[in-house]
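Participant: Assemble chains B and U onto chain C, guided by the hints.
So you can see what is in the structure, the chains are spelled out below.
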Amino acid sequence: MAKTNAGRFFEDYAVGDVIKHAVPRTVSGGERALYHALYPARHALYSSDEFARASGLPKSPIDDLAAFHVVFGKTVPDVSLNAVANLGYAEGRWLKPVYEGDTLRSESEVIGVKQNSNGKSGVVYVRTCGLNQNDEVVMEYVRWVMVRKGNLDAPAPETVLPELNKVIPADQLVVPEGLDFTGYDFDLAGESHRLGDYEIGETIDHVDGVTIEEAEHMMATRLWQNTAKVHFDNTARPDGTRLIYGGHVISMARALSFNGLANAQMIVGLNGGAHANPCLSGTTVRAWSEVLDKAETSAPGVGAIRLRLVATKGGAPFDLKGEDGKYLPDVLLDLDYWALMPL
Amino acid sequence: MAKTNAGRFFEDYAVGDVIKHAVPRTVSGGERALYHALYPARHALYSSDEFARASGLPKSPIDDLAAFHVVFGKTVPDVSLNAVANLGYAEGRWLKPVYEGDTLRSESEVIGVKQNSNGKSGVVYVRTCGLNQNDEVVMEYVRWVMVRKGNLDAPAPETVLPELNKVIPADQLVVPEGLDFTGYDFDLAGESHRLGDYEIGETIDHVDGVTIEEAEHMMATRLWQNTAKVHFDNTARPDGTRLIYGGHVISMARALSFNGLANAQMIVGLNGGAHANPCLSGTTVRAWSEVLDKAETSAPGVGAIRLRLVATKGGAPFDLKGEDGKYLPDVLLDLDYWALMPL
Amino acid sequence: MAKTNAGRFFEDYAVGDVIKHAVPRTVSGGERALYHALYPARHALYSSDEFARASGLPKSPIDDLAAFHVVFGKTVPDVSLNAVANLGYAEGRWLKPVYEGDTLRSESEVIGVKQNSNGKSGVVYVRTCGLNQNDEVVMEYVRWVMVRKGNLDAPAPETVLPELNKVIPADQLVVPEGLDFTGYDFDLAGESHRLGDYEIGETIDHVDGVTIEEAEHMMATRLWQNTAKVHFDNTARPDGTRLIYGGHVISMARALSFNGLANAQMIVGLNGGAHANPCLSGTTVRAWSEVLDKAETSAPGVGAIRLRLVATKGGAPFDLKGEDGKYLPDVLLDLDYWALMPL
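Chains as they are written, first to last, in the numbering used here: chain C, 1 to 343; chain B, 1001 to 1343; chain U, 2001 to 2343.
Please note that a few of the clues may not be correct.
Unchecked claim - For the chain B half of the interface with chain U, some residues (derived, Cβ under 8 Å), not all of them: (1) Lys1003; (2) Pro1024; (3) Arg1105; (4) Glu1109; (5) Thr1159; (6) Thr1211; (7) Met1219; (8) Leu1223; (9) Lys1229; (10) Phe1232; (11) Thr1241; (12) Arg1242.
Said to hold, decoys possible - Every beta carbon over 10 Å from chain C, so not counted as near; a handful from chain U, in silico: (13) Glu2109; (14) Leu2188; (15) Glu2202.
Don't read these hints as lab results, they were simulated from the structure.
Predicted, not measured: the structure shown is a model, and the values here were computed from it.
Beta carbons are placed, not taken as given, at the ideal position from N, Cα and C, and that holds for glycine.
Extracted from the complex, chain C is given alone in its bound form:
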């Protein structure tokens, strides 16, 4: 009897299956400090208990993206160990802040399958929930991946394609209970710009860059208990390089976006995202943003801003795709998200 996990193949997923992912995780100040050591994260709400309390929260939560990474990491052994490609994200929502002492686990429901015409692989759609120790859903998102077939003779399943919102409507965003930006301290937050100061269509070059080292992305990816071999084992890819976890690039770009978006405090929605090109150690990551939309919320003083966040490894800021409609080779990430910002 083989004791190790070989991962699931395309034929092992059926619509309606619920996968209870392994290894729950209690987070502490250690994860928070490591997040600040690994990324140039400076958003005040995630740095200071006092700032968080002045905003109506009990204390400073774990960074929203750290919560995402913890939830995501647990799904890797069940969802993407045999994945050929990570194709997309949709309908990501953060529903409750995660605090030190919380214990997170993950569950995924298979919501779509479509075998590829070559018969060798297929696309699997899962809706993943992160739950805390009280069985409350702290976040959820849909992800689809291309997975190899293990048995090429397995029959093709009936195609099921989920209907997914391209953008989460602003009225479906969940603002954390108690959040109140009416007494927001812009000096302490680092910038004076409020929601009204941003215009739809406006682009911001975040200016700063960070050169990534192998030790850093591996420490981050291990911390989230992501087990994909390509991130850690320099014999796993033919060219001997280690592929940087796409989430590491997301966190790096988001942290860099502080410079120009210091008041885009909490991420509450993930509309979509593409890892446009692979990222390797030695890359200097930069970021730019585009304001896609703005909205009000029911919480006092709290607005929502929809942003495109692009990470690059070179090229001119604001360049995204070529004439062929494909991402330019220097683009690493194209992310579409909602964040909360003082009105």
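Facilitator: Structure of chains B and U alone, referenced to chain C:
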């Protein structure tokens, strides 16, 4: 008066001496998070307070090997600063889990000495205890090292060789108070295999590999306050390499063994171990295990499994020694330990 | 409207201005563990809650230099983003220990300006305070930097040069409330030398060395939320190197000084300091100290020792300056500080 510590030489140890090692250490969630960032550690009992509580413990302890490293690190300035070689371990037992907020210190008793026939060095045996803030012994082990003589004219001491168990009898293993695996959640733990699913003699290739960077092993070794120069100073060895702390390889191999031994939750005994070959930065570490024995314990649902854990830097899994009886050059570690596993 | 922070130029500072720096920070056991992973820090008071309690404190504080780095990091976007050089420190005092759970913020008052004769830059003097969540000043220091002018046509301000103590008089040092070294455990602290064992003029070679990696200094510098581009972005300097944050060298040297100064427990005064030469990844840092002065304090059993701490990347210990009075090329740091030591 020289103010710095030159370390002890062979003639400075006498059987019966008790050395109170310096620099007590309070552990926190920071050490736990760093352990998870440095190693792909996924055993659920050390990851989740909830899982630990469901197993009868008050919360999730610090990883057993982290506790070992903290205890071990304190002994380096007194035991192995002038060591030529780390020869072996025996009779290691974990007696009480270590929790966040506990403060550890170490004491060693010299239990054996034997001058080498060349008159230039000798072997010193110490029994080391790690104690917490309540003076309870949390772990103990015997270690022997070859140490240079500082004064070649110092007379050879009377040889004393301690009698050491080659294997700790299962009935001398200490199961943490309250531990109960009768409600064990195999889904959350990550694998379905219980003690009865393993056969004595069975071997498991843990499949995954991790390539080690200088920054990682140095951060780990410093965290345990291990001061041996060869790990940190690229001028300390003639070839300019930094030798990776053997304990880093132990933790890496143990973490890799999750894949196939996810339910070997708590380490309670260290029967022996050899650092077969040096490990350097850039090495991709892999691991395989062999089931050496199985036993019951008095705790509900809790069995014990005795495992050989081998770390390698290449070669075929399950190859260990050549025809000459010596470790093959790709073998880094050969460890013999007892772990607790659900029946 | 430009959204990103371009930093201040020389003409943007006026004597009397008070700058409220952004991004307050709550510290936890995570910062403490990372400090111990990044530096070979072993001073017992910062490692053990029990040792700290036996010395009259409520628990182990965050390392004094970690507190300094947190306070300092916040000032970078406002003080040194356009700095040409970091010229000096003076009158640094630690006024209250910082504990896990404390939230720090920083404020600086401009206390001096002097335009350079070339008309292209000037020197700015600021007195910076770190404050905790109760608005208590936990530390303060003066720093002066050379800053470029943004508008070369801006008129030169009236020169104001602050009067600064070259050395903080011992009676102005603040000993933490309750500190008592009368029951000091020299065994646990790691060395037997008390204040009376050191002589003014005595020099100590701290013997050990640490080779620094890019990942380490970047993690440290990010942890303190220092945003200076030259530390992170390998395109920021013409030669493609990343400059190591001077504070990383300070912490490394101070940690290395444990070997010979294990009982110089708490830093309470910073008289001055010079970053003599830049430090790059791959450098093996060593340290030596010179006893400059000794004093008593009003706290039981507590004396003060004034030390020169020199970090080097080679050369003979105790060599500092050439015949031309300039620092030798292998000298990285020359720091003058007061620490508390048992009498």
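Participant: Confirm or reject each hint.
Facilitator: Do the hints match the structure? See the list:
1. Lys1003: holds (4 Å)
2. Pro1024: holds (4 Å)
3. Arg1105: Result: holds, 7 Å to nearest chain U Cβ.
4. Glu1109: violated (15 Å)
5. Thr1159: violated (29 Å)
6. Thr1211: violated (14 Å)
7. Met1219: Because about 4 Å separates B:Met1219 from the closest Cβ in chain U, which is inside the 8 Å limit, the hint holds.
8. Leu1223: holds (4 Å)
9. Lys1229: holds (6 Å)
10. Phe1232: holds (5 Å)
11. Thr1241: violated (11 Å)
12. Arg1242: Hint on B:Arg1242: holds, closest Cβ of chain U at ~7 Å, below 8 Å.
13. Glu2109: holds (15 Å)
14. Leu2188: holds (25 Å)
15. Glu2202: holds (37 Å)
Checked against the numbered hints given earlier, this structure breaks hints 4, 5, 6, 11; the rest are met.
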